[in-house]
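Protein sequence lines correspond, in order, to chains A and B. Position one of the first sequence corresponds to residue 1 (this note's numbering), numbered consecutively onward. Position one of the second sequence corresponds to residue 117 (this note's numbering), numbered consecutively onward.
Accuracy of the hints is not assured; some may be wrong.
[As the list claims (entries may be wrong)] Chain B is faced by these chain A residues, among others (derived, beta-carbon under 10 Å):
no., residue
1, Q6
2, P8
3, L11
4, G28
5, H31
6, Y35
7, E41
8, I55
9, P61
10, E63
11, F65
12, E98
13, S109
14, G110
15, T114
[To be verified] No farther apart than 25 Å at their CA atoms in a straight line, the calculated lysine to aspartate or glutamate pairs in the DMTMM-like style are these:
no., chain 1, residue 1, chain 2, residue 2
16, A, K44, B, E117
17, A, K27, B, E161
18, A, K44, B, E125
19, A, K51, A, E41
20, B, K158, A, E63
Calculated from the structure, these hints are not laboratory results. Values in this document were obtained by computation on a predicted structure and should not be read as measured data. Glycine included, every Cβ here is placed at the ideal spot set by N, Cα and C.
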Amino acid sequence: NAGVMQNPRHLVRRRGQEARLRCSPMKGHSHVYWYRQLPEEGLKFMVYLQKENIIDESGMPKERFSAEFPKEGPSILRIQQVVRGDSAAYFCASSPPEGSTYYGYTFGSGTRLTVV
Amino acid sequence: EDQVTQSPEALRLQEGESSSLNCSYTVSGLRGLFWYRQDPGKGPEFLFTLYSAGEEKEKERLKATLTKKESFLHITAPKPEDSATYLCAVRPSNTGKLIFGQGTTLQVKP
Numbered sequence: 001n002a003g004v005m006q007n008p009r010h011l012v013r014r015r016g017q018e019a020r021l022r023c024s025p026m027k028g029h030s031h032v033y034w035y036r037q038l039p040e041e042g043l044k045f046m047v048y049l050q051k052e053n054i055i056d057e058s059g060m061p062k063e064r065f066s067a068e069f070p071k072e073g074p075s076i077l078r079i080q081q082v083v084r085g086d087s088a089a090y091f092c093a094s095s096p097p098e099g100s101t102y103y104g105y106t107f108g109s110g111t112r113l114t115v116v
Numbered sequence: 117e118d119q120v121t122q123s124p125e126a127l128r129l130q131e132g133e134s135s136s137l138n139c140s141y142t143v144s145g146l147r148g149l150f151w152y153r154q155d156p157g158k159g160p161e162f163l164f165t166l167y168s169a170g171e172e173k174e175k176e177r178l179k180a181t182l183t184k185k186e187s188f189l190h191i192t193a194p195k196p197e198d199s200a201t202y203l204c205a206v207r208p209s210n211t212g213k214l215i216f217g218q219g220t221t222l223q224v225k226p
């Protein structure tokens with residue numbers, strides 16, 4: 001009964017490179033959320049997706065960041081041309097469809113991105 | 117604007133010394149208030165969901181309560197293994213996302 005799987009756990013990128021973070025939701029969960037956590041700060045919402053659909057991207061920076069959740073495969077958070085300020089822990093959460101007997105949010109272990 | 121404020125930012129307790137963590141919120145219709153525990157280097161671990169004022173939930177040494185403006189996480193006779201950051205989050209009625217507070221970092225000394 002795997003939970004939310006994120007990979008890689010740690011990612012080091014040089015300034016200007018691209019970072020791709022992957023998230024596989026829990027079995028039976030159809031909604032995926034991405035959050036960013038800077039050192040000593042709380043979790044900041046970035047984007048909410050369902051399969052092939054972005055529902056809410058109000059927390060995504062306007063440039064260089066994109067997210068997708070294709071029909072097959074994991075959700076991907078993509079950061080182009082990374083800068084030092086992108087260094088953070090990125091967490092993915094998933095939830096079941098509305099109206100499920102148990103409705104809650106399960107988080108993965110995160111991807112720690114370091115930009116050098 | 118939907119907002120969550122947690123206090124204190126940090127709390128040091130002796131083992132067995134009970135205390136409470138506060139989570140104040142303003143939200144456009146509350147569809148749930150969530151408490152999570154986060155250990156260093158790990159993802160948030162679910163503790164409780166509260167839906168309406170007056171609701172209470174308990175788990176081992178933890179008890180969460182909810183009013184129309186705030187929630188408390190009461191820790192009774194804490195142990196060193198309760199040391200962690202405790203996160204509070206709200207789900208507004210018009211969205212599926214969670215809005216988190218900054219967290220309270222609890223340290224319990226033996």
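Let's test the interface hint: is any C-beta of chain B closer than 10 Å to that of A:E98? holds (8 Å)
- Message: Restraint: A:S109 near chain B, CB-CB cut 10 Å. Satisfied or not?
- Response: holds (5 Å)
* Closer than 10 Å between Cβ atoms is the bar; does A:P8 clear it against chain B? Give me holds or violated. => violated (14 Å)
Does A:Y35 meet its interface restraint, that is, does its C-beta lie within less than 10 Å of any C-beta in chain B? holds (8 Å)
Is the interface hint satisfied for A:E41? The criterion is a beta-carbon contact with chain B at less than 10 Å. Holds, because the Cβ-Cβ distance from A:E41 to chain B comes to roughly 7 Å (cut-off 10 Å).
message: Take the shortest C-beta to C-beta distance between A:F65 and chain B; is it under 10 Å?
response: Not OK, violated: A:F65 not within 10 Å of chain B, min 16 Å.
Restraint: A:G110 near chain B, CB-CB cut 10 Å. Satisfied or not?
Holds - the Cβ of A:G110 comes within 10 Å of chain B, reaching about 5 Å at its closest.
ask   = Against chain B, is A:H31 within 10 Å by beta-carbon distance?
value = With a minimum Cβ separation of about 6 Å from chain B (threshold 10 Å), the hint on A:H31 holds.
Item checked: Hint check, A:L11 versus chain B [nearest Cβ-Cβ separation less than 10 Å] -> At 15 Å from the nearest chain B Cβ, A:L11 fails the 10 Å test, so the hint is violated.
25 Å Cα cutoff - pair A:K44, B:E125:
holds (17 Å)
field: Restraint check, 10 Å cut-off on beta carbons, for A:P61 near chain B
entry: violated (16 Å)
Measuring from the C-beta of A:Q6 to each C-beta in chain B, is the shortest one below 10 Å?
holds (8 Å)
Checked against the numbered hints listed earlier, the structure breaks hints 2, 3, 4, 9, 10, 11, 15, 19 and 20; every other hint is satisfied.
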